[in-house]
Every structure is written in structure tokens, then in C-alpha cells.
Amino acid sequence: MGAQLRVYKRRIRSVTATKKITKAMEMIAASRIVKAQRKVAASTPYATELTRAVTAVATGSNTNHPLTTEAQSPTRAAVLLITSDRGLAGGYSSNAIKQADRLTERLRGEGKEVDTYVVGRKGVAYYGFRERKVADAWTGFSDNPTYADAKQVAAPLIAAVQQDAADGGVDELHIVFTEFVSMMTQTPADDRMLPLSLEKAAEETGTKGEILPLFDFEPSAEDVLDALLPRYVESRVYNALLQAAASEHAARRRAMKSATDNAGELINSLSRLANAARQAEITQEISEIVGGASALADATAGSDK
Amino acid sequence: MAAELHVELVAADRSVWSGEATLVIARTTSGDIGVMPGHQPLLGVLESGPVTIRTSEGGTVVAAVHGGFLSFADNKLSLLAEIAELADEIDPQRAERALERAKAESDAAAERRAEIRLRAVAAR
Numbered sequence: 002m003g004a005q006l007r008v009y010k011r012r013i014r015s016v017t018a019t020k021k022i023t024k025a026m027e028m029i030a031a032s033r034i035v036k037a038q039r040k041v042a043a044s045t046p047y048a049t050e051l052t053r054a055v056t057a058v059a060t061g062s063n064t065n066h067p068l069t070t071e072a073q074s075p076t077r078a079a080v081l082l083i084t085s086d087r088g089l090a091g092g093y094s095s096n097a098i099k100q101a102d103r104l105t106e107r108l109r110g111e112g113k114e115v116d117t118y119v120v121g122r123k124g125v126a127y128y129g130f131r132e133r134k135v136a137d138a139w140t141g142f143s144d145n146p147t148y149a150d151a152k153q154v155a156a157p158l159i160a161a162v163q164q165d166a167a168d169g170g171v172d173e174l175h176i177v178f179t180e181f182v183s184m185m186t187q188t189p190a191d192d193r194m195l196p197l198s199l200e201k202a203a204e205e206t207g208t209k210g211e212i213l214p215l216f217d218f219e220p221s222a223e224d225v226l227d228a229l230l231p232r233y234v235e236s237r238v239y240n241a242l243l244q245a246a247a248s249e250h251a252a253r254r255r256a257m258k259s260a261t262d263n264a265g266e267l268i269n270s271l272s273r274l275a276n277a278a279r280q281a282e283i284t285q286e287i288s289e290i291v292g293g294a295s296a297l298a299d300a301t302a303g304s305d306k
Numbered sequence: 501m502a503a504e505l506h507v508e509l510v511a512a513d514r515s516v517w518s519g520e521a522t523l524v525i526a527r528t529t530s531g532d533i534g535v536m537p538g539h540q541p542l543l544g545v546l547e548s549g550p551v552t553i554r555t556s557e558g559g560t561v562v563a564a565v566h567g568g569f570l571s572f573a574d575n576k577l578s579l580l581a582e583i584a585e586l587a588d589e590i591d592p593q594r595a596e597r598a599l600e601r602a603k604a605e606s607d608a609a610a611e612r613r614a615e616i617r618l619r620a621v622a623a624r
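Chains as they are written, first to last, in my numbering: chain A, 2 to 306; chain B, 501 to 624.
None of these hints come from the bench; they were simulated from the model. For clarity, every value in this text was computed on a predicted model and none was experimentally measured. In this text, a Cβ means the ideal position worked out from N, Cα and C, and glycines have one as well. Mixed in with the good hints there might be a few duds.
To be verified - Selected chain A positions facing chain B (Cβ under 7 angstroms, derived; list incomplete):
1. 214
2. 228
3. 287
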């Protein structure tokens, strides 16, 4: 076998092996999207009821809770960025990071100091490589987050919000994650969690325009709000983590699908080249034989004379 | 037919139980509270503890609830909890073991969770 042909054969073999791997990853991701979507759906009733309750307390009482009223001149903000732990998901993580950078830029432009909190190894690596300060980071659960993970992430955020900005606390809480729109579309989004904007909350739960009844609060409106808001933050973080996980799987599925398609195309063009090389080799061998035979015939004809 | 209220018992990651009931007894931070149909709109903070639901079919559903809220409006009661388990789902032996382990490790939160589970099973 000619050297050229051997090289082609080897490349075809290696691309075929890669294609098998990407195909498997594509199918794994596809099955996980469905699971992740189901988890998002399962967490929705809790989030909806909670948002309704928060809206009810915030509108139904005249309490001026620090978590629902905007600071006069906010000076510090926290940004929670959700990325993935693993790569091979196309532009998934870098898109979320870009969105966070834009948001940070905007907040800085408004004269606020920004504390960054990061979820996912990719985000941690990005910030670590650029030696940017990260207030806190969590890794290891981006593809299958649980409520306990969300609680863990939310705890320092809640603590920061409850502190005064002068003592290192924050006035605003933003979250950047990749919204799962559909199997084909996932868009990075940024959202202000706190202070709560009631209109937006009402829109999300589809209760806009609904008149909420006058609630009795047990033990008191302040206490209820005090207890509700951490839960609200946790539930928002949990929902964002779940959506991000679904988006990650969808992005990975798409990236792996195009990798598989590309590998198929590569195999096709390589086998064409290999065929041409084989044909060229055969042609060369024939012409060599023919040439050799006629040279031999010429030689014997010459010696006869 | 007696008056009914609609109950939704929702945990952070799933919907635990929903249905019609005639009476719901839960423990708020200021004491036990019973909610019957037609109650005034109410929003309360729940203590960890068992929640008892008398269903309209005459049965009783007991659930262990670990922190959360209840809100009642328009004859619809929502019980929100980070963790909620029906007493039927709880394995008493496992809860017993968890309690012992929590006591050995002096993990107060885990001990309380296990205790509430056992109380819910006992109230079944």
C-alpha cells in the first residue's frame, strides 16, 4: 500500500472514532435535556406560588422592607454568573460570560461597585485566568443542580444583601444565566432579583392585573417578608440553575450534532481522496509494468540482432 | 356536601399533594392554626412540623414540612415548603437511623428533620 493511501486510511479511522464519541455525547445530551426540562417544570409551582406570596406581602402591606425598596443611591451590586462545568457545548459558557461582562460594564457606568459570584468551572477559569476578583465560586453541579446547591449559592448572596453597603454588603442583586427558550434557542439573560420589581414579578407569574386579597399576616407582615425573601432568592437561583442546566445540555447537543455532521463530511471527502490515491497508485503500477515490459522487450529485441 | 377548600402542598422541586380538604392544621411561628373553608385571606410562616390535612373523602393526610409558608385566599390554600414529605413516603426505620446518626454527629438540623419525620409518622 502506498504511503499516501495509508495516511488517508489512518485519518479516516481516527475521524470515525471521533464521530462515534460525538454521536454518543449528542444522544446523552439529548436525553438529559428532557430530564432537565422536567425538573424546570416540577419547580415551577413552587416558584409561582412564592412569587405570588411575595407580591401579596409587598403590595398588601405598607412595610418598607429593605429588600423591596430601592436604595436612594445604590453603590454596590452583586452579579451571580452561571456557567457550565464542562466544555464541548459550543458558545454556551462564553456567551453567558459576555453577557455578565456587559452587565458589569453597565453597572460600573452607573457608578456601582460590582461583586462577582460565579457558578461553574468555565466561569471560574475565565475569571482566574484574567486575575479578576471573584467574591465566591461554586463548581461541580452545573449539569444537575439540586435545591441544596441553590441554597448553598444563595446563602452568601442573601447575607450580602442584608448587610449595609458600607460594611461590604450590596444594594442590588443581579443574576446572569442562559434562558432555555426552546430546544433550538437558548439566550443569555440578565435579571435583577433584588430589590424586587413587583410589576415584573407579576408578569412572570401571569398574575398581572389580578387584584390580590387583603391578607392577614401571621405573625406580622415584616416577619413574613423577612422569612419569604431568602426563600424567594433561593427559588430564583434554583430556577436559574435548572434553566441553565437545560440550556447547557441543549447547547452541547447542538455542538455535538454539528461535530458529528462535520466528521461525516470529513470522512466522505477523505474516502474520495483515498479512492483517488488508490486509483493513482494502480495506474502508476500498470504504467510501470507496461513500461518495464516494453523496456524488457526492447532489450531482448536489441540482443537478438 | 360540606364546604371544601383546595389544598396544594408544594415542595421546592415537586408538587407533593393536591386535592380538596375540609380542614388543614399546620404549625405557624405563633402557634398551631386550623384553616377551614372560607377562612380570611392569610399568609403565615410555618414552623417545621407535621401538617394534617382532613380530606373531603374523610381521610387524613399527614406530611412532614421543613420550614415554609402557607397562604390562603379564594378558598385555595398553598403550603410551600423547601422540603415536604407525606407520612406514607417516610420510612420510620430510616428516619430512626437518621435520628441516631444525627445525634451521634450532634447535627442539630438533621436531628430536627428526623424528629419531625417521626412525629409525622406517629400522627398518621
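Hints broken by the structure, by number, lowest first? 3
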